[in-house]
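For the protein sequence lines, the chains are A and B, in the order given.
Under the numbering used here, residues 1 to 132 are what the first sequence spells out, in order.
Under the numbering used here, residues 1001 to 1139 are what the second sequence spells out, in order.
If you're looking for bench data, these hints aren't it; they were derived computationally from the structure.
It is possible that some hints are incorrect.
Here chain A is said to cover these stretches of chain B; the calculated rule only asks that three of the stretch's residues, wherever they fall, bring their Cβ under 8 angstroms from a Cβ of chain A [said to hold, decoys possible]:
id: 1; region: 1019-1030
id: 2; region: 1051-1062
id: 3; region: 1093-1104
id: 4; region: 1110-1123
No residue lacks a Cβ here, since even glycine has one placed at the ideal position from N, Cα and C.
Spelled out from the first residue to the last, the chains are:
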Amino acid sequence: MLEGGCLCGGVRYEISGGLDKLHFCHCQMCRRGHGGPFASYAAVNPRDRRYTRGESLIARYPSSADVVRSFCSRCGSSLEFTPASTPEQTWISAGGFDADPGIRPIGHIYVESKAPWFEIEDDLPQHAGAGI
Amino acid sequence: MTARESEVTRGGCLCGGVRYEVSGPFTAMLLCHCQMCRRMHGTPFASYAAVDPRHRRYTQGEELIREYASSAAAVRSFCSRCGSKLEFRDSKAPNEIWIAAGSFDGDPGIRSSAHIFVASKAPWYEIADDLPQYPEYPT
Chain A
1 MLEGGCLCGG VRYEISGGLD KLHFCHCQMC RRGHGGPFAS YAAVNPRDRR
51 YTRGESLIAR YPSSADVVRS FCSRCGSSLE FTPASTPEQT WISAGGFDAD
101 PGIRPIGHIY VESKAPWFEI EDDLPQHAGA GI
Chain B
1001 MTARESEVTR GGCLCGGVRY EVSGPFTAML LCHCQMCRRM HGTPFASYAA
1051 VDPRHRRYTQ GEELIREYAS SAAAVRSFCS RCGSKLEFRD SKAPNEIWIA
1101 AGSFDGDPGI RSSAHIFVAS KAPWYEIADD LPQYPEYPT
């Protein structure tokens, strides 16, 4: 069981399995939301992700018609990216994991929107758009 | 003064509610791998650029900004509507604030000079560049 949570400790979750497709997204929406050069998300079926504490603290922002981004309203920690069009898949912000999720990044997406101040130096596949 | 220093860097949050402009030079940009930054940003590291607080002006939505005191000295701010990370400041260093670099509209001109708190690095992330790495904050 992989556990994780936000910075203030208010929101806690556990993931019982099926974590997949860890990747880095360089789109401008992810860059703004996360405040960095990219976001890093891993996919899981929402059935396998259970909030164990602080679900009432979670704030949700619809960043497009299809996508809701959630965060802790107390400390601002990014939690999930959830597309309505794929109800069997939600994306967990990898920085929230307590320990090693076991999986490794498989690539960079939306590199056409990459921050001008950041260079990708690793050898992972790069996709101009969605790609994953 | 270089050409860069006379320019204004603008930025803001994802929902567009909070907007700011920076009129002075950035003095550093660092990539921080500490667990607090990793949890807050949801990423393997945070990226912050330092500026004198007198040179950063909020032009819109300051009332949307929420602050979280992550330690006795540190305050982290974010947009309460969309959750975008905005700033890190440390009361022990009142002459600088650190702006979350993902919020910049364009190129701030400055580049990252180091990875810090690498002793706390995420096990699932490998640093592939040649920037200096410090186990904690360089002294």
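Hint numbers contradicted by this structure: 1, 2
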